[in-house]
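A.B. asks: Residues per chain are reported as follows:
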Amino acid sequence: MRILVALLGLWLAVGKAKQPIDGASAFEKTGTTPLPALPGFRVVQGPTTYGPDNLFEYIDGGADAFLLFEFEELQTTTFLGPQQVEVTVDLYRHKDADRAYGIYALERPPGATPIAVGVEGYAGGDYLQFAIGSFYVKLVQSGPKADFVLRRFAEKIADKLGGRKSAPAVLGAFPEKGKVLRSEKMAPSNFLGHSFFHDGISVHYQIDGASFHLFVVRGTDSSDARKMVERYRAVAKAPAAEVKPAGSETLKDPYHGEVLLRWSGRWLWGAIEQASPLRPQLLDELGQRLIQGQ
Amino acid sequence: MSEEKSRFERRDFLKLGSAGIAASALSACATALSEQKPAVATVPEPQPRPAAPTLAPSKPDGPPRRTLGRTGLEVPTVSMGVMNADNPALVRAALDGGMVLLDTAHGYQDGRNEEMLGTVLPARKRDSFILCTKVFVSTLDRKTGKFPPETRPQEIEEKLDLSLKRLGLEHVDILYLHCQSLRESVLHQPLLEALAKAKAAGKTRFIGVSTHKNEPEVLRAAVEAKLYDVVLTAYNFRQDHHLEVQKAIGEAARAGLGIVAMKTQAGVYWDKDKKTPINMKAALKWALRDPNVHTAIPGFVSFDQLEDDLQVLRDSRLSAEEEQSLVEPTKVAGLYCQGCDTCLGQCPGGLPIPELMRSYMYGHAYRNREAAQSLLLALDLPAVPCDDCESCSVVCAKHFDVRARIRDISRLRQVPKEFLI
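Residue numbers (the numbering used here), protein chains in the order written: chain A, 1 to 294; chain B, 1001 to 1421.
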């Protein structure tokens, strides 16, 4: 019996050790987010933390956009390495992985070359930024130029933080044809500027000289989705009609012009801006994938 | 036209005043005073330029405008803080709705905010909007607010050039030195020279400084520098030091600086759990009640929020009810006199307890000392109320310490009006 208990204890211990502990979990337990050590580098400032109430002290009015994406805490730490190379690491922790990716995507420059760190990252001469799990991570280097330092730091940080390494699943529903790479944008609320919409995602498309966006809004359930359609129809001054559980309609949005709108179950999806003969086909494809995936 | 509008407003005030008096002289005090404030009757004549707003609608039916200090720009009182928006349609709707001034910064959304504006502005007539951006000088020590010796003034030009490229413009209208909190930083000579150089090169028409910490010191330093045209300052009803900010704003406006208010809505919720929303329109009106604030830049992300702000642009008068909504709910519980009149007639000395409790509420909950004093002076009170009683027999339905409150607030009668800020 004792042997059995000991084996069970050993099995539990091994199992626990194997469980990934992401940075957010570590924060919950310790009050700080773990940062890796890089040989030759030492902490010279921080970690300093900022919360929703004082983030503006660190990034001024830029804080407001982070708050919309349910920012929870920033931890900033500066390291000094060989030849006076200084690296500042900012870990922005958000409520969840979708929101962390959302603020990352909002700040991502168009045409940025992606690098494989976390979900995705990009870099310039003296900076590197990436999303992973519920974190949006920014690294800035100063002092003498040192190749690969930021990349090495970023990879170690990503390993240490853990968490989801993939973009929000709904992005996979957008058709590839004509998609402008890395043009995905998420709105945490008031999608398209309409207060009756919840969060939404839009992706830019360019096909045969036409430029337009496809979008997806997710309701909490079918009834919620239909309510959003009703509100949208009212804004567009569409003739009164019963909104069925699934449907398709072209609306005249007073701010965005003609909108092709479709809905089914909890999903709304559509297209705005320049008309293209391919839009209906792309919307069919998008709708099928959404419905299959729900 | 602006004179006509002023006369109209005066007539409105008189009408409201007499109606209020007919209904209840005492309860009208707060409203009347809040209506009266924009007339700046008690504000000394500003030097060298008028600090009071110049109401000059661009069209006969256009929204009221105020002159942005020495820039001479006529700005609608409500402008757009673009920082949260990534929706060009929202910017177009704001401009079409009557807003003119747009406020962004080099660093907002890592530059994407300026790029988004760059999809809207180049298609518009250049004199139909006022574009303001800000440059943060990266060496600023955020803890001390100081610039270290290694500060590079050329960073201003480098960042401004990139901003212009993103915006698709040849010049901005106002370029702010972003996020200052110390006199010595506002007066940092190399940075002042860099700002002046940008202005001389025609890359910006005017220069300014922004602050959301230690604002009075920054406002006064901006006056001292004699180089800045505009100050963008945090200013809202929840600031503990808002009276000090208000005073410094007045000084700066009288010295000819344009004053743009930010953070006027003081967050969206009263509480951390985001369950009790702040009355955003009332909060914006509160800031605009100060005639020395020339425009405010609320941020918005929806067309509904834009419409709310446009309503304030059309009519920024703060009603007594709206003013009351700006009292923190927890404070209301302790300071709000519900006017139940349970105390009426209880005082052996015949003091008008309900009015005195309301005066206390004006003074402490609404921080409207003028209204509190006016109400007190309209009452026939003894020199030292409550002096004849050793203890108070009045029982308040909300358990206020009636005697302590009367003794506290009645002292306000002796305070000269010019100190009632």
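Among the hints, a few may not be true.
Claimed, not checked - Stretch by stretch, here's where chain B covers chain A in the computed footprint (C-beta under 8 Å, at least three residues):
(1) 60-74
(2) 185-193
Said to hold, decoys possible - Some chain B residues well away from chain A (every beta-carbon gap over 10 Å; in silico):
(3) Glu-1115
(4) Asp-1161
(5) His-1178
(6) Glu-1244
(7) Glu-1251
(8) Gly-1299
(9) Leu-1310
(10) Arg-1314
(11) Glu-1322
(12) Cys-1347
(13) Gly-1350
(14) Pro-1352
(15) Val-1395
(16) Arg-1407
Claimed, not checked - Computed list of lysine-lysine pairs in DSS-like fashion (alpha-carbon distance at most 27 Å, straight line):
(17) Lys-138(A) with Lys-1165(B)
(18) Lys-138(A) with Lys-1275(B)
(19) Lys-185(A) with Lys-1143(B)
(20) Lys-95(A) with Lys-1247(B)
(21) Lys-185(A) with Lys-1165(B)
(22) Lys-1146(B) with Lys-95(A)
(23) Lys-177(A) with Lys-95(A)
(24) Lys-145(A) with Lys-252(A)
(25) Lys-1143(B) with Lys-138(A)
(26) Lys-179(A) with Lys-1165(B)
(27) Lys-95(A) with Lys-1398(B)
Don't read these hints as lab results, they were simulated from the structure.
No experiment lies behind these values; they were computed from the predicted model shown.
The beta-carbon is built from N, C-alpha and C at its ideal position, and this holds for glycine as well.
A.B. asks: Hint by hint, say whether it matches the structure.
C.D. replies: Hint-by-hint comparison with the structure:
1. 60-74: Since 6 is at least three, the answer is holds.
2. 185-193: Per the Cβ count (6), the hint holds.
3. Glu-1115: Given a closest Cβ separation of 8 Å, the condition is violated.
4. Asp-1161: Fine: 17 Å to the nearest Cβ keeps Asp-1161(B) off the interface.
5. His-1178: Non-interface label on His-1178(B) violated, nearest chain A Cβ at 6 Å vs cutoff 10 Å.
6. Glu-1244: Glu-1244(B) is indeed farther than 10 Å from all Cβ atoms of chain A, at 19 Å.
7. Glu-1251: The assertion about Glu-1251(B) holds, with a minimum of 24 Å to chain A.
8. Gly-1299: violated (6 Å)
9. Leu-1310: holds (14 Å)
10. Arg-1314: Fine: 19 Å to the nearest Cβ keeps Arg-1314(B) off the interface.
11. Glu-1322: The claim stands: Glu-1322(B) keeps its Cβ more than 10 Å from every Cβ of chain A (closest is about 21 Å).
12. Cys-1347: Check passes; 44 Å lies beyond 10 Å.
13. Gly-1350: Gly-1350(B) is indeed farther than 10 Å from all Cβ atoms of chain A, at 48 Å.
14. Pro-1352: Answer for Pro-1352(B): holds, closest chain A Cβ roughly 42 Å.
15. Val-1395: Holds, because the least Cβ-Cβ distance between Val-1395(B) and chain A comes to about 40 Å, which exceeds 10 Å.
16. Arg-1407: holds (37 Å)
17. Lys-138(A) with Lys-1165(B): holds (24 Å)
18. Lys-138(A) with Lys-1275(B): violated (32 Å)
19. Lys-185(A) with Lys-1143(B): It is violated: about 34 Å lies between the C-alpha atoms, which goes past 27 Å.
20. Lys-95(A) with Lys-1247(B): violated (40 Å)
21. Lys-185(A) with Lys-1165(B): holds (22 Å)
22. Lys-1146(B) with Lys-95(A): violated (33 Å)
23. Lys-177(A) with Lys-95(A): violated (32 Å)
24. Lys-145(A) with Lys-252(A): With a Cα-Cα distance of about 53 Å, the restraint between Lys-145(A) and Lys-252(A) is violated, given a limit of 27 Å.
25. Lys-1143(B) with Lys-138(A): holds (20 Å)
26. Lys-179(A) with Lys-1165(B): holds (26 Å)
27. Lys-95(A) with Lys-1398(B): violated (41 Å)
When held up to the earlier numbered hints, the structure conflicts with 3, 5, 8, 18, 19, 20, 22, 23, 24, 27 and fits the remainder.
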